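Novice: Chain Y is already provided as a structure; the job is to place chain A on it using the hints.
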Amino acid sequence: MTDIVSLIIKRLGLGLLTMLVVSILIFFAVELLPGDSAQAALGQMATGETVAAMRKQMGLDVPAIVRYFYWLQDFVHGDFGTSMISHTSVAGAILGRFANSFFLAGFAAIIAIPLAVSLGVAAALFRDTIFDKSVNVTSLTAVSAPEFLLGYILVVIFAVKLRWFPPISNIRDGAEIGERIFRSFLPAMTLVLVATAHMMRMTRAAIINVLAGPYIEMARLKGVPPWRVIVRHALPNAWAPIINVVTLSLAYMITGVVLVEVVFDYPGIGQLLVDSVSKRDFPIVQACCLIFAAIFILLNIAADVGSILTNPRLKRPK
Amino acid sequence: MAPDDKRLLQIRDLRIEAMVGDTILEIVKGVDLDLDRGEVIGLIGESGAGKSTIGLAAMGFARYGTRISGGRITFDGQDLRTATEAQLRALRGARIAYVAQSAAASFNPAHKIIDQHVEAPVLHGYQSRSAAQDDGMKLYAKLRLPEPDVIGFRYPHQLSGGQLQRAMTAMAMACRPDLIIFDEPTTALDVTTQVEVLSAIRDIVEQFQTAAIYITHDLAVVAQMADRIKVLLKGEEVEEAPTAHILAHPKESYTRKLLAVRSYERPEKSRSSKTAQPELSIRGLDVAYRSGPKVLHDVSFDLHRGMTVAVVGESGSGKSTTARTIMGLLPATSGEIRLRGEILPWSFRERSKDQLRRIQMIYQSADTALNPRMRVSEIIGRPAKFYAGLEDRALHRRVEELLSLIELDPAKFYDRLPSELSGGQKQRVGIARALAADPEIVICDEVTSALDQIVAEGILRLLDRLQNEIGLTYMFITHDLATVRAVADEVVVMQRGRVTDSGARSKVFAPPHHPYTAQLLASEPKMDPKWLDTYKGRGSERPM
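If you read the protein sequences in the order shown, they are chains Y and A. Each step along the first sequence adds one to the number in my numbering, with nothing skipped, and position 175 is 175. So the mapping is simple: my numbering equals the position in the second sequence, first residue as 1, plus 318.
Chain Y on its own, in the form it takes in the complex (with noise of 0.2 Å):
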């Protein structure tokens, strides 16, 4: 077990070293977009002069790389900063859209982690049946189609002519618990479809590569039934790659869930960035990207060590 600890605190200092860079990444790739918050406040009927007075008092005539340290010094001490816009502290401005964007993350992962793994158990399980190929043919078809189409058409199904859910899923603060699952059905169901169709179709892929190794035809030859052999024996031996693509699509419902916003006017995290951007509140953007990039690498570092615990060869070293 210390062998475990000891890895996760060297990955979670590789983390850091990884978040430095990304840091550097973000800073400058947001340096380079066109247009400054300068211009952005003062609309384009400013003046030259106005809009170099302007610069000064936010900070802005200061050399970008100077600007960084100062930003990332402030980073470390947990001040994110103030947004350029509202002049509010962006730490608050995040925190709530934050937990906005985990509900949804969370009520999607908790219907897609148990659907997508029974379906690819029981697609592996009936392998080139009539049933494989629907479930298969269903999922490719949800992986390709873009997720905001998806969305638009549940909103017509569900929305517009059953009227069973709101098309928009705008919550307000302080909501109820029941009223937030109903509003953000929709939008969740979105992220389920397009999550489930891959981590389905990796776990079947993955138990049926686990499916062609000798220790299966033995339990086979012992007179193990069809269903105790994918369960018993098969799957054991593929949630390494499994753990794997979930922690992906969890980064992925979490990170990745602009567009799905955007469809819903879900007040997530996701839109935050996409307005940020277009009002050029860069330390918004910024902190909102190295979150971002936090938890992408934290539920890496999830995905290897529950791939570790999984693996009786790399718990138990001979």
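No lab work stands behind these hints, which were simulated from the structure alone. If you're wondering where the values come from, they're calculated on a predicted model, not measured in any experiment. Glycine included, every Cβ here is placed at the ideal spot set by N, Cα and C. There could be a bad hint or two in this list.
The calculated label-pair distances, taken between Cβ atoms and stated as ranges, are [stated by the list, open to error]:
(1) L647/A / L16/Y: 51 to 59 Å
(2) F526/A / L314/Y: 37 to 45 Å
(3) D397/A / K161/Y: 57 to 65 Å
(4) K612/A / L17/Y: 29 to 37 Å
Partial list, computed: chain A residues near chain Y (C-beta under 7 Å) [said to hold, decoys possible]:
(5) G411
(6) Y416
(7) A423
(8) H475
(9) S478
Specialist: The following block gives chain A in isolation, referenced to the frame of chain Y:
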């Protein structure tokens, strides 16, 4: 007892088809087999003979892509071809059990040995989990596994190959089946381990009066196990007779060929002159992987021009490590390697092109050593181009010349891909690739151990002919004493990273033996059906 009660398994006109690409091939062509209770029949033949396929069919099982297409399989009065899947499941693991070739691959890496052991008896309702577990420990003890009370609680990767093979035999015994199919259970093991496993298997089969189908390509092994032997070739029966009879009076020429395989022996050459400078001289090699313990200790020997030195030992003895060090893939911590008197740098990166050219290597598994996307002409042509700078017409001529040298028709093989070659042909291409560099020394790393014996003999004869024609010097790494006897002029015996014995073949193989050499020689299965008894009688069993 009525005659029908004695008969356990009856197979008549068994036919099995396999889908190869789009075509259906018959791989078993009407084979009959009879087996009484408590009887052991040996199935022998080369790969592609259909041995395993027949063995699995005796369980009513056909592998993915194959299908039992004709004939009758009757087990204890029950027709297995008309039985339902549920009826077959009730038999498998309970009344008919299977022991696979590679125990390492056939144990599920995710579960402890004992959990896999108790699965069949619990599932078939023979025993409770705890009773099956206790019984498993007793079986482990009978099969002479170390620490039988705790070994089951380890994972497969924590056991050695020989231990796993015995644990798998114990697992097959869990429900005390009437019939066990042994599918090459000792082929992947070292000779000294093989003997232990063979005698453990035979004792337990005798003790429980279990009938068995014993599948192998090694006639000497099957001679120890079987009451009767059936020889198979390409899905058809060649002949069947009681073991002693078939060894003494083989009727068919194919059987005689199988019997003769082990007797190929080339006359030993002796060094022309003791004072001559060795082609390659290895002195005091110590090698360690990274910061790990030393894997080679003070290894020294010489290779003399035009002669073959066989380096022999079990897996883990350091044979391949020595080869890797000579090739410059692994640095030594001390010692030296001299090529015709000049010191070779440790790393291949620091060696000159000419030094690299002079030592070439042929690998054990031609399957993985040849690039599957390159044509034969490219595989052989590359070193010819790299070392000799040949281009266009000259290169083409050289490749054709090399193909003729390894007895493959250039017109037919020039443009083939490795996937269009048989195992023996692939190994020949591997040889041609080494020759293309025009080397002086060729290191052959277990080049015949993945091949059938008759094919392997062809490769050994080819290598011998090439040595005589070109004057090559061979370092021949092998674990098989029959191969040593066939090709070696001098022998180096290695054990746990040290050279324990060396000298001319006739000297090393003649008494008085070094104790470890004696153990290796005694472990080698002999065609004599009594060999295993005499081996055991000598009491030389070694605790694992």
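Novice: Please go over all the hints and tell whether each is borne out by the structure.
Specialist: Evaluation of the provided hints:
Separated by about 37 Å at the C-beta atoms, L647/A and L16/Y break the suggested range of 51 to 59 Å. In this structure the supplied range 37 to 45 Å holds for F526/A paired with L314/Y, their Cβ-Cβ distance being about 38 Å. At roughly 59 Å, the beta-carbon separation of D397/A and K161/Y lies within the given 57 to 65 Å, and the hint holds. The hinted window of 29 to 37 Å between K612/A and L17/Y holds, with their beta carbons roughly 36 Å apart.
Restraint check, G411/A versus chain Y: the minimum CB separation of about 3 Å is within 7 Å; hint holds. Satisfaction of the interface hint for Y416/A is found here, the shortest Cβ-Cβ separation to chain Y being roughly 4 Å, below the 7 Å cut-off. For A423/A, the shortest C-beta to C-beta distance to chain Y is roughly 4 Å, which falls under 7 Å, so the interface hint holds. A hinted interface residue such as H475/A counts as satisfied when its beta carbon comes closer than 7 Å to some beta carbon of chain Y; here the least separation is about 5 Å, so the hint holds.
Proximity of S478/A to chain Y is violated relative to the hint, the smallest CB-CB distance being about 10 Å (cut-off 7 Å).
In the structure shown, a violation is registered for the earlier hints numbered 1, 9, in ascending order.
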